[in-house]
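Colleague: Fit chain to chain and form the complex, with the hints in mind.
These are the residues of each chain, in order.
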Amino acid sequence: MEPQIGPPSADRGTPPQISSPERRDRNSRRPLSRLKPYAPFFALVALSLLIGAMNARFFEFNNLIRIANSAAIPLVLALGMTFVIVLGSIDLSVEGVLAIGAVLISLLVRNNSNTNDFGWFGVVLAILACGAIGCANGAIHVGLRIPSFMVTLGMWFIGVGVATLLLGGSTVRVVDKGIRSLALERFLDFPIAVWIALGTLGITWIIERQTRIGRYIYAIGGGEDLAALSGIPVRRVKIIVFTIAGTLFGLGGLLSAAQLGLGNALIGSGRLFSTVTAVVVGGTALTGGEGGVINTLVGVMIMAVLGNGMVLLGISPDLQLGVQGVLIILAVALSLDRARLKIVK
Amino acid sequence: MNSPNKDITGIPIHRRTFLRRTAGFAGATAVLSIVPRRAFAAGTPTMVNSIRSLSNPYHATWNQGGQAFAKSIGADYVTLVTEGDSEKGIADIRAILAKTGGNMVLNVDPNDSPDARPIVDACVKAGAYVVTQWNKPADLHPWDFNPNYVAHIAFDGVHYGEDTANALIKAIGGSGGIVALGGILSNTPAIERKAGLEKALNANPNIKLLDFQVANWKSTEAFNIVSAWLTRFGGDIKGIWAANDDMAVGTLEALRAEKLAGKVPITGIDGIKSAIEAVRAGEFAATVSWDPYWQGSMGLSIAYAAKTGKIDPAKEPKEHREFYGTGVLVTKENADEFYKTHIESEPKIDFNDYWGRVTGQIRQS
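Residue numbers (my numbering), protein chains in the order written: chain A, 1 to 345; chain B, 1 to 365.
One chain only, chain B, in its complex shape (with noise of 0.2 Å):
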């Protein structure tokens, strides 16, 4: 430590040796995460899903949707993730691109809003077709980029988190005080979902929200804060609305540990199966699931059809290029059906309803 090239033990390190050590973990990293399924054969086009990891269950029910679609029509599949790395992102995408010569369709859920401008340009430039979803700027719009941006697919943050909202309103009742848990505050889910919530408690005055806090999306957090919140409003709490299920699943348990589980309703969003069990059980009051597995496979099927000429995306209305999809609400009553198609079994899902679940035009802000 007294000395700049020795390390913590005291062993003279060269910052050549350093930066060798550290290239080649990047390197092998890098190597790891492009795991093609099989070689890449000539012709048929390769499908390519890019979402930030396989390690939460969201984005792995997505990548079984996309390979049951490449499956259907005997396609390689690729799975790209960014691990919430932007730069490698793009990297990797460019990469496949070069490597399969743009004969491939490209369904991205980018790590951030910027990223899709890149992605798209450099999809155009090699003529590979491109579906995103979530992650867009505003200006960024598939009808400028005819053919290859076939489209954009995002789900109302608005009406889902006013729709668990309602659905948290009526298990309680109708009157009584709530607690509500948000997002990291600064993503557009959060701002969006707590705005539906708003909605619905403006729609009902007998509805007092007591407190709002942000968990970040996370169980653990979401633990911490509803057990602080049992000690400042005890009782007072008839029901629970958190922005996301995996904060509504930290919600359950501290509710459990305090024996109140199923007491106090909870509603969260996004449809995970903890979530969907939980409604069955009776300890949540509702959850909307995004069907992650048909955005897997219907983003690459959309991109399909417009690359065999399928559809022309250039004459498709614009509320099927930038649209808003259908979630579904998960309450008691739909709860046992639900879990027997969506996850007790894999989804049937019809490839060439391109259009089925559009729920209209995403608002231009």
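This is chain A alone, in the form it adopts within the complex (with noise of 0.2 Å):
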């Protein structure tokens, strides 16, 4: 997964046996940890198994469905914060961004509360509302040099309170049959949200293998010293990745509006963390350098299954929070190579 980052010039035309010996020998004395990166991928093929051995309905069409359904927006959520924490970052502003999309798309759009109807350009013009609050976060995160958490958790109250501002904190239903569809249309068996949620991982994915941006999230990531002194543009590539970030915050406020046919300001509370945990447990440390949108979409359906998986099992909610706990901690521990860990904070 690591990205290559290009030799100083001198070094050009080495043969690569000259860094790989040491790894190929640590690899032959445990050769479990290649199999490390998978860590995140087995267990939720073994979670899987083990809840579809105790209810067999687990297996069914329509369950798969349902999961999917549920991972949807966690996954749209989870990949905008994945390049985040790549770089080493954190984006605390999930709820907020998330709450003024959806209350701005209930506004524009066909709504019990309104005369508007600006349909699909009201929902664009919102999802750029919240592109531009990520690039706010990105631009004040290196301009004024304050650390991302503290951006970010300025702009989370920030956004909850303009939605509460907008709304008066009363509630909007969406009228619109159109953005309603995402949730109640189906294409091929999935509503549709599910294949908006899959075209973003498609795209995420093509940014992270395919294009400079992804190579040099990684490289900052990894050690923003070294990168910024091998010629990255560190404060460009920042500022881009949390416009992304703040991008599909709004997406999964359209997805949610569109789900509960609703927007107010509380829409996205609870989903911060929820978002975070899906991309640890997916594999991408908090460290940055590490993992990516294939980790994270293993991580959402690890909690997209273990969600459905309790309440088929009929796991006591009194149990339920520590369940989810410990498969937490576990799909870390197994997944961190805590070799190559210098330090542990």
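Just so you know, the hints here were simulated from the structure itself, not pulled from any lab data.
All values derive from a computational prediction rather than experimental measurement.
Backbone N, C-alpha and C fix where the C-beta goes; we use that ideal spot for every residue, glycine too.
To give an idea of the chain A side of the interface with chain B (calculated C-beta under 7 Å), a few residues:
1) Arg66
2) Thr171
3) Leu266
4) Pro317
Residues of chain B placed beyond 10 Å of chain A at every Cβ, according to the derived structure:
5) Val158
6) Leu201
7) Asp353
Modeller: Listed below in structure tokens is the structure:
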């Protein structure tokens, strides 16, 4: 997964063996470590088999659709968060940006509170606004040198505050059939929201694997000082990454408004924690430089399967939080290559 | 990251700079939270509502009620919001007590039960009159603080949890399987409403509770749980009981996504607008409205009556000092009427009818 950052020109042409013996050596000593990156995936498979063994209905096609549907919004949000975390930063503004997105959309399309009817044009405007908020996050973070933790924490409150002001605390119902169809209409048996989430996955995967920005993100996450010295435009990349995050949180706002058929300031509440958890459970390290969008897909699926499975197995609500906690720690313990960590904070 | 004094961008940031920025941010929030509508007039006491936030429909309506009452007596009106922070809630109340010199009445929904004590203490000390709602410690009683602690108002969760469960049971014809969604396990209303549900179930042996899950009062969590229930129980689910309207709305949308909206009756509690609309549309069997407009206005009105001598708290019976208010069960029969009087127009409330909605003294547990 680690991108090979181009070595200084003097080394160009040196055979790759120079660096690989050490790696091969370590892997031969501990063959299991070669499987480490796939640990979350195995965890997902094991979890599914376990739940399926106890309740065969888990594997019904209808249940697969339901799991996919409950994973769609978390996936879009977690994809936005992934790049930020790979950078070694964090974006806490999920709930605020999502609220602004959902509230703007519900006020701009046909609704029960005003006479607007901008349809998809309104949706695009709202998502662009969310992208702009993300851009502001990034610009303030690099421009004023404030840790991303603080900037985005502030933006979270601002977002919820603005959403509250826009609505005066009330809830707006989305009447627009087109918007609702994202959640209510199906294509090839799956709700359209699921296809949108998959499309987002495809686009972010291309950004990660096929573009320069994708490479730069890993370089910065792996060692920002080195990345800066090798001429990577660190500040610009960071702003772009936060903008992508804001845009995807806005898209999450669209899907939330479509799913519940309403917009209010608290529509995103609880999303931050589940988003960060999904990213980390998938094997993306909070320290940056490791993981990626496929890990995030696996992490989101683990959380969705877990949520679905606990209801299917009838696990008592008193125990569910505990079970969830144990499994999160297990998943991270399996996937982190602790031998390579110098410091654990 | 390799040196403690660098932030993520690798540029040194001094602790003092960081502290100053944080303090500035916190200060700005504190100033913004006290928003006086007009300049404070001398003489007429200031009307103060302290609530969780203006972001939820419930407290927003509460606030409208407060505004309407203040307007009716020509007093200044102030809204304080705790945003779920007990410290902030108490500090803001102390600040406004100091600012008004105690010439105010306070209607407060304390963020957490223990908060009620310092709030009442501060009001007694400043000579202000206070009504608390929903949360207070069981051993804190208005009659121990005559005349300043005028009353405490709550709603009987057991009673209304049972009411909505009975409405649900009626809607499914008295027999079959139901599932139920509860609120945060440690919340008093969640515990009470669930107890009400269980009472109704005990009285109706033909109804089987297939599963009880906790969706933490949230639509989104309810959505996912209901989806999974459809896999587990499928058509065996004849009705769904939810401990609040937000979860009931999430339930409804999960059913709608499976083309089941309106086919499986749902009940909620709280009486938010979407819930009333769903009852009218036949998608909810029932909800209960607490009438937050009444809570926001009458809490002030009762305290104001004590301050101006219209009532003498010390002479009022205990069931006027600690009482359960009246909720309205909204079903298909009264939904249209309720919508007209409470949603489309501002509710008409007789601000001088202090005890009209008393339904008994709060149980001492």
